[in-house]
Amino acid sequence: NAGVTQTPKFQVLKTGQSMTLQCAQDMNHNSMYWYRQDPGMGLRLIYYSASEGTTDKGEVPNGYNVSRLNKREFSLRLESAAPSQTSVYFCASRGVLTSPTDTQYFGPGTRLTVL
Amino acid sequence: QKEVEQNSGPLSVPEGAIASLNCTYSDRGSQSFFWYRQYSGKSPELIMSIYSNGDKEDGRFTAQLNKASQYVSLLIRDSQPSDSATYLCAVSDYKLSFGAGTTVTVRA
Numbered sequence: 005n006a007g008v009t010q011t012p013k014f015q016v017l018k019t020g021q022s023m024t025l026q027c028a029q030d031m032n033h034n035s036m037y038w039y040r041q042d043p044g045m046g047l048r049l050i051y052y053s054a055s056e057g058t059t060d061k062g063e064v065p066n067g068y069n070v071s072r073l074n075k076r077e078f079s080l081r082l083e084s085a086a087p088s089q090t091s092v093y094f095c096a097s098r099g100v101l102t103s104p105t106d107t108q109y110f111g112p113g114t115r116l117t118v119l
Numbered sequence: 013q014k015e016v017e018q019n020s021g022p023l024s025v026p027e028g029a030i031a032s033l034n035c036t037y038s039d040r041g042s043q044s045f046f047w048y049r050q051y052s053g054k055s056p057e058l059i060m061s062i063y064s065n066g067d068k069e070d071g072r073f074t075a076q077l078n079k080a081s082q083y084v085s086l087l088i089r090d091s092q093p094s095d096s097a098t099y100l101c102a103v104s105d106y107k108l109s110f111g112a113g114t115t116v117t118v119r120a
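So the protein sequences, as listed, match chains A and B.
Quick note on the working numbering: the first sequence kicks off at 5 and runs consecutively.
Quick note on the working numbering: the second sequence kicks off at 13 and runs consecutively.
Incorrect hints may appear among the rest.
Among the chain A residues that face chain B by a calculated CB cut under 8 Å, a handful are [stated by the list, open to error]:
1) A6
2) G7
3) A28
4) N32
5) N34
6) M45
7) P65
8) Y68
9) F94
10) G111
11) L116
12) T117
13) V118
Bear in mind the hints are in silico, worked out from the structure with no lab data behind them.
Predicted model, so just to flag it, every value in this text is computed and none were measured.
Ideal placement from N, C-alpha and C gives every residue a C-beta, glycine not left out.
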């Protein structure tokens, strides 16, 4: 049981390049989330997926797109990377959307630098 | 958009002392409250959850919730150097909203 996995762990991009961050969970969770974490800013929600087939914007969605490929996988795409997107990206999953008490589990993170 | 505010750090405490972390939130409808610990370069891990007013104890950790005052706190008793980390307060209905975190340093 690996929990939440993310690839890659590190990535360096040039401005304007595109890339996709991959996330998978093996806990049969319905909900999945993408956050970014910047120094002094805490965790900010980019997009989330309450269930397979649905996605919604979070607090900072501009410049990103997501795909909920199936119940296990939720990817985050940067179409044209900008230096402002340099950050640490965390994927998370949670059991049942209708229960606010469910615990959220995090992946190990992807450290992205955009030059 | 929920707002979650944590007391600004960093917080430095001697080994064996009590570390006290505070968090306030803006949405009165919030139902669940979590404390996550994040070591440098690592992902957040859940250490405490609390849903009802009052205290909840788990080992050296005690979470306190006061919904009327929209306030949740975390006490770390007998602080150890291994407790040195950033502590994130999170408030939930169906999505988690996080505070910016408080960095705790336990000095030997």
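Verification of the hints:
no.	hint	result
1	A6	violated, 13 Å
2	G7	violated, 10 Å
3	A28	violated, 15 Å
4	N32	violated, 18 Å
5	N34	violated, 11 Å
6	M45	holds, 6 Å
7	P65	violated, 13 Å
8	Y68	violated, 16 Å
9	F94	holds, 6 Å
10	G111	holds, 6 Å
11	L116	violated, 14 Å
12	T117	violated, 15 Å
13	V118	violated, 19 Å
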